[in-house]
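Engineer: Chains as they are written, first to last, in the working numbering: chain A, 5 to 410; chain B, 18 to 392.
BS3-like cross-link-like pairs, simulated, lysine-lysine; straight-line CA separation at most 27 Å:
id	chain 1	residue 1	chain 2	residue 2
1	B	Lys284	A	Lys405
2	B	Lys284	A	Lys241
3	A	Lys147	B	Lys284
4	A	Lys189	B	Lys288
5	B	Lys284	A	Lys189
6	A	Lys241	A	Lys189
7	A	Lys405	B	Lys288
Pulled a few chain B residues facing chain A out of the computed Cβ check, cut under 8 Å:
id	residue
8	Pro145
9	Arg148
10	Val173
11	Arg194
12	Ala224
13	Gln346
14	Gly354
15	Ser358
16	Lys368
17	Met372
18	Asp381
19	Arg385
Sample of chain A residues at the chain B side, in silico, Cβ under 8 Å:
id	residue
20	Leu214
21	Ile278
22	Phe281
23	Ala285
24	Glu349
25	His353
26	Ala356
27	Pro357
28	Ile371
29	Ala380
30	Ser390
31	Ile391
32	Ser395
If you are wondering where the hints come from, they were derived from the structure by calculation, not from laboratory data. Every residue, glycine too, gets a C-beta built ideally from N, C-alpha and C.
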Amino acid sequence: MDLNFSAEDIAFRDEVRTFIADNYPAGLRAKSEEGEELSKEDFLSWHKVLAAKGWAGIAWPVEYGGTGWTSVQRYIFAEESARGDAMRLLPFGLNMVGPVIYTFGTPEQKAKFLPRILSGADWWCQGYSEPGAGSDLANLRTKAERFTGDDGKEYYRVNGQKTWTTLAQHADWIFCLVRTDPTVKPQEGISFLLIDMKTPGITVRPIITLGGEHEVNEVWLEDVIVPVENRVFHENKGWTCAKFLLAHERTGIAGVAASKRGVERIKTIARTEIDSFGDDAQPLLANPFFKRKVAELEIDLTALEFTELRTLAGESSGKGPGPESSLLKIKGTEIQQRITELALEAVGHYGAPYFRGFGEGDNEHPIGPDYAHRAAPTYFNMRKTSIYGGSNEIQRNIIAKMVLGL
Amino acid sequence: MDFNFTDEQTMLRDSVGRYLSDTYTFDARMTAVNGDSGWNPGVWKAFAEELGILGAPFAEAHGGLGGGAIENMIVMEEIGKALVIEPYLQTVVIGGGFLKAAGGALADAVIPQIIDGSAVIAFAYAEPQGRYNLADLRTTAKKDGAGYVLNGHKAVVYAAPWATHFIVTARTGGSVRERSGVSVFLIPANAAGITRRDYPTVDGARASEVYFENVAIGADTLIGAEGEGLPLVEQVVDEATAAVCAEGSGVVRKLHEGTLDYSRQRKQFGKAIGEFQVLQHRMVDMFMEVEQAVSMTLMATLRLDERDRAKHVSSAKNKISRGARFVGQNAVQIHGGIGISNELAIGHYFKRASMIESQFGDADYHLRRYESLMD
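In isolation and in its complexed conformation, chain B is listed as follows (with noise of 0.2 Å):
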């Protein structure tokens, strides 16, 4: 049994970790997250030549560092930890996860522009009426002489006003939620018959509903076989939430120690909050939802290649979605009515913490799959 991080691993850390605490504070996240664009072009520049990371779970021969999981597991709670905004979840981890498992011209094609920094994803799955469904899909891709012709709108693509690609689930044939039919594909963001409308979420990102009005493809942007792309878009949508549990265990961590050092600093009734037995038993119970839920991102995270790889994920989304609300609801209850102030980062946090809770399925969601999963 080996929990430790190798040395490359924990210089990764390190490094993401000192360049996010050092550059990207809270009021430059709030700058960006309040500017036109809504990201910072800039710290994506530094993440592909200053860190390296977008290269992190990319192998060696696309000029990547040789990593997986795990090193998008480190990322991703940087992340976290610093509330990121720019889409290292939907380029590196989802659009990487794609083309790593599709392989071929694609992958070599696009990988090296991830890691430089020059193409960024957004994936386009979800759909007005599908919940988290991944099968549940009303977009339809059909046959024109070589290549394909899509229609369909997809909801609440996050980053999809900064993407240079788009990943696609489309029906190639069967019928809304049959388990054969759905295909994948990446295509230019500007192909003819896209249209957007962006608006910022919730949480300090941006996203879109995303229209295709007969986009013509071509053949090449099919990922993996036609028809059969649920399996695979399953097996990635693990990976991701497998990504956002590490966000959240970044995301929780904050949210405690920004009560812990508000609780030891806050006065009423003549002494620190933190010294009423009643906060410090909640703070306790905050403290065990943080530590559970590294726990279950680390137990999913080396889980992602096993066979029962699905119920895994779901326990651990379970547990860190319940989590999530919690401390996210206890840290904003301890720290009254400044909780709920949107000047202080303990609101963006818990916001952030509250999408989190839902991202690829929520808690019920997740609980069912895996009771559906069990022995």
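For reference, chain A alone in the conformation it holds in the complex (with noise of 0.2 Å):
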């Protein structure tokens, strides 16, 4: 047993905290300080950093182009990244689908999509969700029917629609689970097809969410004719790959780093703004209520942090995540939403003002403190995140179902 860190990676953290430092982009630390939309080209900046350096593909083997970092690295390039203010690159393509293409996809696949994921030139979208299949995903409508084309060439007419889907607004591609098979068992009959979003018949229209955010989108699929090599895996197989995808998409959801961040926040917060109680005008976080919930959230993470590490030194060790990573992802989302909650009690009347963002040009100085503005359109944003992933009610039967037996 041993807490501290190696010489290397003490030397490891060192090299990525310098790295952060010199070469993250000056705008978007102060965008995402103060929790404001990011543009396309803001989303893309970064990676495009990262990629540079050959630091985009955190998780990936180093034989497509991944670092091959160990997990112990990974935790110290996810903390660092938090600790520089760094946004988290987008999961779609580098946690998502490229994940499973290196490990399911044709070696067509694999040198058609792999590098452009890495580098950025393909922005990816997820077409999982549907109006009737949420977290029971099985459920799914979407349908693929093979045909031959003219051509001579076999392809799928694919009709449906999906939603929740994430920044479709930019995608050029998206990952879709459709039904080719549909006299089977629900999770049988499934197959996971690449579709260019550029195809003819795909509509996205956008959801505004309560914070007043366009982040997802209604995608329609109408007579989207996609040729059949863009199939990953065997046709009807398509469940594996969902649940591959799922399981890598939990690990990294604790987000622990960033809510240590989002923890010291709010207590900046709280040194500027005053208590109200009582005679004399002392900081907020002098208050006894306010410090004892900031006091159990620190706490609470620490918990979380230490069992996330307990699971990435499985992880080192061989064993891939497993259902534990639900514990995860129930806790990991339960305390970023209490951070939400806790700012948006911190700032007091000016959580009220609705203010909609700067546009480019746009020097309209919101209304109150720099911090106070996006509270609370950040904790009624942050509600998706018991709901995504597999709602934490789902999460729950899976760990009762898969830790307990029950």
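If you follow the hints, you should be able to join the two separate chains into one complex; please do so.
Structural biologist: Quick look at the structure:
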């Protein structure tokens, strides 16, 4: 048992810290500090810096252009990224479809897609959820019928609707679960398709969420023609890819490093805000009620962190992410939500003004302190974390069944 | 012990509820919320003329219905159920509360204007630094001949863009957070030297930062005695807090009902999600919070005239702030993704519930006040 990093780990940490300090775009730091919505260019700018350094494929094997880092190194990188207020790269290409392609894809698929995911040339989105298939993913209805084209090649004709498709408005490609055989059990008869968003028949419609953000979309597919070679793994065996991807999605979902920064931000706000009670105007952080909630949050975050470290240690000794990752998802998202609750509590009256963010060249100053104007929208927006990626109720079912044997 | 409404009170509840469910649909509300002015003056006119509710808590001598806090509670609960943005709380409960307590010429002049709908009042009390402490005032009113000169900045003044009058708290003496030296004024919203920065609020209303720069006001704008206004401010804010508890009861009722409806319709894993025991228990817990919110609202409203009013109001607000969070968060969670979209009413009830949590003090503030008043 050793809690300390090795000398190599410390050297690695210092290298990462210096690189982020020297290379992270300053404009992005200001935006993420205030929780501003990011543009496509914002998302891609840091991706491209990391890709040039060879640090985009953090969890990828070296043979596919990844870093080949150990789980401890990945943990250090996440920690240092949060410490330096650097954004996390979007997971859809790097953490979701990428690993599916290098694990299940053909040599042609690997050659075609993996380098472009790493470089950020292709923006991916995820076509899993449907209006009738949320946490019950196997109930999906989008159908793909196979046919032979006039050119003699094999194609699928895809019809259906996907929803909650994050940042699909920017996407070049979507990976979809589709039903290729409606006559078998729900989990069978599903295939995993890669679809070019420029294909005729695809319509993206925005869904505006409670905080006013355009982050998610509906994606309609009407007679969308997809070549058979864009199917990953066997026909009707897409559930294997889906399960593999969901397990990967849940790792790193704990968000410990970002939550640590979130707690620090709350403390900064609570040192500035003044407590309501009594005759003397003390800082809010001196209010015993508020302080206790921050303390409990820190303690719960520490418990999550060390549980994640134990999981990482298990993974580095060869165990894949198992059902215990559901614990990280539940506790991680609950803590993320509590951070936004406390931030909203901390800003008091100035949680109420609704400020729609700055456009380019818009110099209007927000209402109230800078740290206040995103508190409520962020609180509303983060309600999603206990719903997406398999709701926390579903995660508890998974633990009950897979871990507790109930 | 009698928790029954009188026939008049039942009629009031039924007529407001019917009017709102017939005309104040969610779509109509959102049209007003997203419009330029941010509210619907036609609704305000109907409140005055068709329903007569703007006179609910006022004496018949002023042209009112002769009611009081219970009538306010009834109206505010219906306002919560329909997510009404029009400023009944600010104008009738708060503005009316100050004027009724002050009496005299000002009350005689302005209360009839409230009742006929021509006066809209906004309560400019909070300041950027002061949080929920009503005595944390840097706004000053300096004696100047027969009148006063007002200077200061008031934060997040709900309904200010629509207001014909402001009720302003200011120091005529004493230091920040001192109990003495606080005075209350009712001044015209268009007085020279007042500027506003207007904005929408996250719960669909409109508010302003209001700046007073050498605003000259007459001695006849003073409500109550100079320098001794804090007890009156505390009393009216307690009445307003009880009214917000009533609104909160209506909001959580609708959050719960909407969630029940959805859980009966939404199918996952081959059955309605309402059939899953874990969600059933959650909705039972929500139900219990809703019922307790109604109980606490009633308790606080019935005790507004008692000596330990403050303690009872704080106990109600603490309970309802916690309940609003629990019911609101779980309503969204049970709705799943659709719960966080801006299209459905459920999210807007959640947003209003979230603002009610902290309005006139959050759960922590009221728990501390309760503790300080415990025997």
